[in-house]
Structure formats: C-alpha cells, structure tokens
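Asks: As given, the protein sequences belong to chains Y and U, one line each in that order.
If you read the first sequence in our numbering, its first letter stands for residue 2, the second for the next number, and so on.
If you read the second sequence in our numbering, its first letter stands for residue 2, the second for the next number, and so on.
In short, the hints are calculated from the structure, not lab data.
The hints are all genuine.
Stretch-level coverage of chain U by chain Y, calculated; a stretch enters the list once three of its residues show a Cβ under 8 Å from a Cβ in chain Y: (1) 31-42; (2) 104-111.
Partial list, computed: chain U residues near chain Y (C-beta under 10 Å): (3) Gln7; (4) Ser10; (5) Cys94; (6) Ser95.
Simulated crosslink set (DSS-like; lysine-lysine; CA at most 25 Å straight-line): (7) Y:Lys59 <-> Y:Lys70; (8) Y:Lys102 <-> Y:Lys70; (9) Y:Lys59 <-> Y:Lys110; (10) Y:Lys102 <-> U:Lys66; (11) Y:Lys114 <-> Y:Lys23; (12) U:Lys8 <-> Y:Lys102.
Source: prediction; values computed, not measured.
Yeah, the Cβ is synthetic: ideal placement off N, Cα and C, and Gly gets one too.
Here is what each chain is made of, one letter per residue.
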Amino acid sequence: AQSVAQPEDQVNVAEGNPLTVKCTYSVSGNPYLFWYVQYPNRGLQFLLKYITGDNLVKGSYGFEAEFNKSQTSFHLKKPSALVSDSALYFCAVRGNYNFNKFYFGSGTKLNVKP
Amino acid sequence: SAVISQKPSRDICQRGTSLTIQCQVDSQVTMMFWYRQQPGQSLTLIATANQGSEATYESGFVIDKFPISRPNLTFSTLTVSNMSPEDSSIYLCSLTGVRGAELGTQYFGPGTRLTVL
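Just chain Y, same shape as in the assembly (with noise of 0.2 Å):
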C-alpha cells in the first residue's frame, strides 16, 4: 500500500534562513511524490512533482524536493524562507494501482518569522 508520512506537525524557521518540510514514503514500485501548499481559507496549489530523472526536483516559488530512495524521502526545501511562506504544506503519492488515487500526508505547518 501507498503513505506518505509527515514527522513534523509544525516548523519554525526564520525569514532568510533555509527551510526543510520533511516527508517519508512507502510505496511497491516506483514513487509519484507531489508536495502542495495550502494557504489560509485557500485550496491546494500544486508546488512540484517527482517521477523521475533527477533527484532534485525544482518547483514553484522557488521550492525544490530532494528525492532520496534509499532514505525513501522527499524532503521540500527553500534555500531562504519568507515570512509569505508560511502555510500549509502536504506531501502525497500517487497511488500504484489505481493513478488517480492520491495519498496525502498528515501536513506540516511552515511558520516564518521576520
């Protein structure tokens, strides 16, 4: 079965340091992994996807996700945070078996600080 899992409910970081949302996974065969962003009373923004080629993966507003398959992670990454950052972020697979069937993660909540 597909999962993905978000260790951290909640990340702390300040303003023009690097940020780091961590997901794991858990899939038979090969990962689709996704990370979105959800901003306050918004939906879901689409920020960047992995399946395959590179391991680093680059994205919207300047976000890139590291895949590692032997650490099974799909770490999302900023070089430097801004305080318009802060939201709602969620990893999510896609399902093997049935493509149209994503699996979200618990989320992680990004605060940044000026």
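Could you slot chain U onto chain Y? The hints should help.
Replies: What follows is chain U alone, placed relative to chain Y:
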C-alpha cells in the same frame, strides 16, 4: 492550467439538511474528484466523479450520503445529505487531464468550508 471554481465558498447549515457543492472548470478535463478535509486533518478522497455514469466511491463513503453528478467534462456537484456536525469539513474538488498542465498531477479548487450546527 485550468481555472477551477467552487460554489459556495462557505456555508453554515442546520443538522438534517443537505447542501450541494458545485465545481466548475473553464476547460474540459479528463478526471474529477471530490475530497474531504476535516478540521486539522489531511485530505481524504471521497469519490471519483465519472462523466455520464455513477461515481466511484472510496471505502467509507456511500452514494446515499454523498451523491455526485458529473453531467459533462467541465462540471460536477457533490451533495452532502442529511448533515450532522461530523460533516463539518472543507470539501475540495480536484481534476487531472488538463491540456497544457503537468501530466498526472491533480489540481484543486479553492474548497467549500462547511459548518453544520
């Protein structure tokens, strides 16, 4: 990518009533889905809305409680029937198969925040 709208954006309803949520896309899409996000929780897939046929429901969700329609390739509705306070959630539609968008990626509407008293 496509512009996705949902109506209403939020509502407060009385126990025992029903609410129909609309999801409209500005271009034809292959697949549409409905999710529930309970307070402080992650997203759970309710069903896949199939164009011209009955929706495909996930375990724990039934048609009598969450009837879904998808009359064409740009529109779907989700009804939350006989509501109870436990139905208070954000309901989101999502879709894939938008021309010009990332392949295999689901895109989400802004959500409908439902509170049941």
